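J.: Residue strings, one per chain:
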Amino acid sequence: MMPIWTKSGKKHAVTLLKVQDCHVLKYVSKEDSDGKSPKLIVGGKNGSPFSISESEMKIFREAGVPRKQKITSFKVTDDALIKPGTPLYAAHFRPGQVVDVTAKTIGKGFQGVMKRWGFKGQPATHGQTKTHRRPGAISTNKASKVYRGKKMPGRMGNIYRTSFGLKVWRINTKHDIIYVNGSVPGHKNCLVKVKDTKLPGYKDCNKNPPFPTYFADGGEELPEDLYDEEVFQFTEPSITYA
Amino acid sequence: AYLRSSDAEPAKFKPPPKPVIIDKQKQTTERRFLSPEFIPPRGRTNPLKFSIERKDMIQRRKVFDIPEFYVGHILAVTTAEPNANDKTSRFVGICIQRGGKGLGATFVLRNVIEDQGVEICYELYNPRIQEIQVLKLEKRLDDNLMYLRDALPEYSTFDVNMKPQSYLNYEEVPVNKLQVRMKPKPWSKRWERPKYNVKGIKFELPEEKMKEAQKWSQPWLEFDMMREYDTSKIEEKIWKEVNEALKK
Numbered sequence: 001m002m003p004i005w006t007k008s009g010k011k012h013a014v015t016l017l018k019v020q021d022c023h024v025l026k027y028v029s030k031e032d033s034d035g036k037s038p039k040l041i042v043g044g045k046n047g048s049p050f051s052i053s054e055s056e057m058k059i060f061r062e063a064g065v066p067r068k069q070k071i072t073s074f075k076v077t078d079d080a081l082i083k084p085g086t087p088l089y090a091a092h093f094r095p096g097q098v099v100d101v102t103a104k105t106i107g108k109g110f111q112g113v114m115k116r117w118g119f120k121g122q123p124a125t126h127g128q129t130k131t132h133r134r135p136g137a138i139s140t141n142k143a144s145k146v147y148r149g150k151k152m153p154g155r156m157g158n159i160y161r162t163s164f165g166l167k168v169w170r171i172n173t174k175h176d177i178i179y180v181n182g183s184v185p186g187h188k189n190c191l192v193k194v195k196d197t198k199l200p201g202y203k204d205c206n207k208n209p210p211f212p213t214y215f216a217d218g219g220e221e222l223p224e225d226l227y228d229e230e231v232f233q234f235t236e237p238s239i240t241y242a
Numbered sequence: 001a002y003l004r005s006s007d008a009e010p011a012k013f014k015p016p017p018k019p020v021i022i023d024k025q026k027q028t029t030e031r032r033f034l035s036p037e038f039i040p041p042r043g044r045t046n047p048l049k050f051s052i053e054r055k056d057m058i059q060r061r062k063v064f065d066i067p068e069f070y071v072g073h074i075l076a077v078t079t080a081e082p083n084a085n086d087k088t089s090r091f092v093g094i095c096i097q098r099g100g101k102g103l104g105a106t107f108v109l110r111n112v113i114e115d116q117g118v119e120i121c122y123e124l125y126n127p128r129i130q131e132i133q134v135l136k137l138e139k140r141l142d143d144n145l146m147y148l149r150d151a152l153p154e155y156s157t158f159d160v161n162m163k164p165q166s167y168l169n170y171e172e173v174p175v176n177k178l179q180v181r182m183k184p185k186p187w188s189k190r191w192e193r194p195k196y197n198v199k200g201i202k203f204e205l206p207e208e209k210m211k212e213a214q215k216w217s218q219p220w221l222e223f224d225m226m227r228e229y230d231t232s233k234i235e236e237k238i239w240k241e242v243n244e245a246l247k248k
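Read top to bottom, the protein sequences are chains A and B. Residue numbers for the first sequence follow our numbering, so the first one is 1 and each next one is one higher. Residue numbers for the second sequence follow our numbering, so the first one is 1 and each next one is one higher.
No lab work stands behind these hints, which were simulated from the structure alone. Only a predicted model underlies this, so the values are computations on that prediction, with no experimental measurement involved. Don't be surprised by glycine CBs; every beta carbon is placed ideally from N, CA and C. One should not assume that every hint holds.
In silico lysine to aspartate or glutamate, EDC-like type, Cα no more than 20 Å apart, as pairs [as the list claims (entries may be wrong)]:
id: 1; chain 1: B; residue 1: K55; chain 2: A; residue 2: E62
id: 2; chain 1: B; residue 1: K199; chain 2: B; residue 2: E154
id: 3; chain 1: A; residue 1: K10; chain 2: B; residue 2: E81
id: 4; chain 1: B; residue 1: K183; chain 2: B; residue 2: E204
id: 5; chain 1: B; residue 1: K87; chain 2: B; residue 2: E154
id: 6; chain 1: B; residue 1: K247; chain 2: A; residue 2: E236
id: 7; chain 1: B; residue 1: K49; chain 2: B; residue 2: E236
id: 8; chain 1: B; residue 1: K101; chain 2: B; residue 2: E208
id: 9; chain 1: A; residue 1: K7; chain 2: B; residue 2: E131
id: 10; chain 1: A; residue 1: K10; chain 2: B; residue 2: D56
id: 11; chain 1: B; residue 1: K87; chain 2: A; residue 2: E236
id: 12; chain 1: B; residue 1: K195; chain 2: B; residue 2: E208
id: 13; chain 1: B; residue 1: K55; chain 2: A; residue 2: D225
id: 14; chain 1: A; residue 1: K58; chain 2: A; residue 2: D32
id: 15; chain 1: A; residue 1: K18; chain 2: A; residue 2: E224
id: 16; chain 1: B; residue 1: K62; chain 2: A; residue 2: E236
id: 17; chain 1: B; residue 1: K215; chain 2: B; residue 2: E204
id: 18; chain 1: B; residue 1: K248; chain 2: A; residue 2: E236
id: 19; chain 1: A; residue 1: K7; chain 2: B; residue 2: E123
id: 20; chain 1: B; residue 1: K49; chain 2: A; residue 2: E224
id: 21; chain 1: B; residue 1: K49; chain 2: A; residue 2: D225
To give a feel for the contact side, a few chain A residues facing chain B, derived at Cβ under 7 Å [stated by the list, open to error]:
id: 22; residue: M2
id: 23; residue: W5
id: 24; residue: G9
id: 25; residue: L16
id: 26; residue: P185
id: 27; residue: K188
id: 28; residue: F232
id: 29; residue: F234
id: 30; residue: P237
id: 31; residue: S238
id: 32; residue: T240
id: 33; residue: Y241
Pulled out of the complex, with its shape left as it was, chain B reads as follows (with noise of 0.2 Å):
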């Protein structure tokens, strides 16, 4: 529509507005992670320990960076290690469990090296480990990957020399939805039975293998109250203060 002004001046001219630009990724909000070692397990300790603990492990933390990883993720380690050439010793390999509470908290990394395969179990918080780098992000089904010992070797070799993929800061972590080959039975677990809950495994078994593996569900366990243990308050709380003595 024109502007029809009662003075004779034209109309003034006007700037079109200005784009807003909505930057997506800081828009979204910032990933949540809280590394499970802080988490307090269930039990009659006094919450003193686990402060003074936290504590600690802050202090760590502020001097080496611990990077976000989870149970799938490729990492290479350096530890210093006296008896070597060069003093330090570097191992790539997938991380495939993370256990331990407090400042014992480990992590397994798996390769195969010259068709052998190796399993190395690192102390997050060991003072020898001089870098941790995350050489790939993903995500696997499981939260435990033991069952790639019983699978076929090719989905535990990964190169010692690969180059770091370079990502943004995602809002979510990958999820590859692989499933795994696996050798012929016999197996180091019987991953097929209920109790491991694998979801990761492309199992060729006959179906009354299957069947017969179903016989050791226990479908009572996930409604047994005494078992459930919360913790979305305390890692909300652990969170805060985590964050707060890591800006400082």
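Pulled out of the complex, with its shape left as it was, chain A reads as follows (with noise of 0.2 Å):
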């Protein structure tokens, strides 16, 4: 994570994320993934083959593409599929759009109710004997029974979760670096999943991106780092109020 200042002074906190060794794997139509639209299955960062089984090693092999360590699929329209096989950029996305970033949060193993749910616990004196950090009552007399999905001690962490409406800032083209306003769920380096807002106050902003994708051969030669219009370049001066 980074800082980053636009041009009126202001900072904000940036997650970097890398696109590293993206290929489109296959195309689901829409019958066979029984849903309303065709699916694209991409993966992400290259692995060592022969730790996985034939059979999945079969989606690989038809793409023309070394193993891939995470694999997901994203819902497209019709006019926006792609050939499996094609490598995936960073420049697919553009300064000034908005993301959700998807990815496992850090697992923290078995806790207990106050760190896991946030619970309050019990006073630490005024007698309180052996109950410091415990749930207290589970349920009322007239229920008779414990509800299900009631917040107990558990497995904490390791689930998918996203965090939503992020601003991207900047983009490397040349490391195909992308510059994430906020913090994103996961560790260190862990491999994560970007996708376009499904929030409705954000349409706007997703104009005129590369469509279908940005090709590497398509003859546009991009800059090696494109910035929002707000972000503060550091090849200009200093900011002045005049």
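Quick one: dock chain against chain with the hints and give me the complex.
T.: If you want it as structure tokens, here you go:
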């Protein structure tokens, strides 16, 4: 995570996400995916082909691509289909777009009710016998049962969670890095899924994206760094409020 | 000895050898200073992140000159302030702490203005900073002068209109071995304890208190191999990289 300053002098914290060897693996048609739209299966970050079974390697062999550590599916419209085997780059996103990021949260192991659900616990003194971090009562007398889904101690973390509405401030095309506003679930160097926002308030932000994706051999030469209009670039002189 | 030439001609006039001027200042090697925020901390982050951050930091240093300074120097910082009359605000103070790594590096300046102690934490790479001027060069005995908060106010007062002290590119930065006198206890932190390793305070506490403070010493810490972080090679590499980039 890094600070980034806007031209008005405000500081924002930014997370760096690297697009590492992403390829489109498979196209699943509308009927196959049992949904209302076709899907594209995408894989990221190369790995060793020897630790998975042959049936799993089949998808990678057909696409002509090394084995990928993480596979996700994206629901796509019919006019945005891409041929399996095309690489995807960070320039697929542009500064100013708004994005959702999904990842597995940091695993905390078996945790008590105070850390896992934020319960208040009991006082430290004033006669409390062996009760300082316990849940207390778990149901009422009338119910005479414990409801399903009652918040209790258990394994915390290591589940998929999404941060919504994160703005993209900057893109580095040379190293394929996306600078995303705020924090992102997951530990350092974890695998992450980046998608366009589902929030209705940002529908106008994702205008004129590279459609269906940014092709490296398309002849379009992009500069090494793409900045949002409001971002202060370090080549400019210091800010003055004239 | 006289030159006896076989010829009858007198010996030719030989001028005395030209004096060789040894310029001691130039002869001494350049002082190598790498700002501490360039050194990456120990951790599992991808080194690519540090190299990209370093590029940004070098880019900022090319446009705006960040002078070499240590904890104990007296600096004057002018920042852009939208609500001020002339849109700038100037603060003079002694640097008590330098923290943070990478672009988020900060330094805290302390001064006492009209009997009120004021500390301001500035970010080195904040684009609103317009000028950093070193007024007085002096290193102190410690890396962290937070104990000035509990010292007598005279040790933290500095004249706001101080003139910048002129200095040559000395070989070493002068070290001020000042021992500061403290206000009566209680202090904000127990500075006599060995964990803070403070050398710049003149403790006027009785002997028993000093001995009791030594109970909290951890003499095994300096031999702990897991805490070792040898930055000499990393520093050299980064120093070369930064110097070459700044010369361009």
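J.: Now tell me if each hint is right for this structure.
T.: Checked hints:
1. B/K55 / A/E62: violated (40 Å)
2. B/K199 / B/E154: holds (19 Å)
3. A/K10 / B/E81: Measuring from Cα to Cα gives roughly 12 Å; hence the hint holds.
4. B/K183 / B/E204: Holds, at about 10 Å.
5. B/K87 / B/E154: Status violated; Cα separation ~31 Å.
6. B/K247 / A/E236: Holds, at roughly 19 Å.
7. B/K49 / B/E236: Holds - the C-alpha atoms of B/E236 and B/K49 are around 19 Å apart, at most 20 Å.
8. B/K101 / B/E208: Since the Cα atoms of B/K101 and B/E208 sit roughly 40 Å apart, the hinted pair is violated (cutoff 20 Å).
9. A/K7 / B/E131: Between A/K7 and B/E131 the Cα gap is close to 18 Å, so the pair holds against 20 Å.
10. A/K10 / B/D56: Measuring from Cα to Cα gives roughly 18 Å; hence the hint holds.
11. B/K87 / A/E236: Holds, at about 19 Å.
12. B/K195 / B/E208: It holds: about 18 Å lies between the C-alpha atoms, which stays within 20 Å.
13. B/K55 / A/D225: Given that 20 Å is the threshold and the Cα spacing comes to 12 Å, the pair holds.
14. A/K58 / A/D32: holds (18 Å)
15. A/K18 / A/E224: holds (15 Å)
16. B/K62 / A/E236: holds (10 Å)
17. B/K215 / B/E204: Holds. B/K215 to B/E204 sits at ~19 Å (cutoff 20 Å).
18. B/K248 / A/E236: holds (17 Å)
19. A/K7 / B/E123: holds (16 Å)
20. B/K49 / A/E224: Within the cut-off at roughly 16 Å; holds.
21. B/K49 / A/D225: Holds, at roughly 15 Å.
22. M2: holds (6 Å)
23. W5: holds (5 Å)
24. G9: holds (5 Å)
25. L16: Check passed: Cβ of A/L16 comes within 6 Å of chain B, closer than 7 Å.
26. P185: violated (17 Å)
27. K188: holds (5 Å)
28. F232: holds (5 Å)
29. F234: holds (4 Å)
30. P237: holds (6 Å)
31. S238: Cβ of A/S238 sits 5 Å from chain B, so the hint holds.
32. T240: holds (5 Å)
33. Y241: Given a least distance of 5 Å, the restraint on A/Y241 holds.
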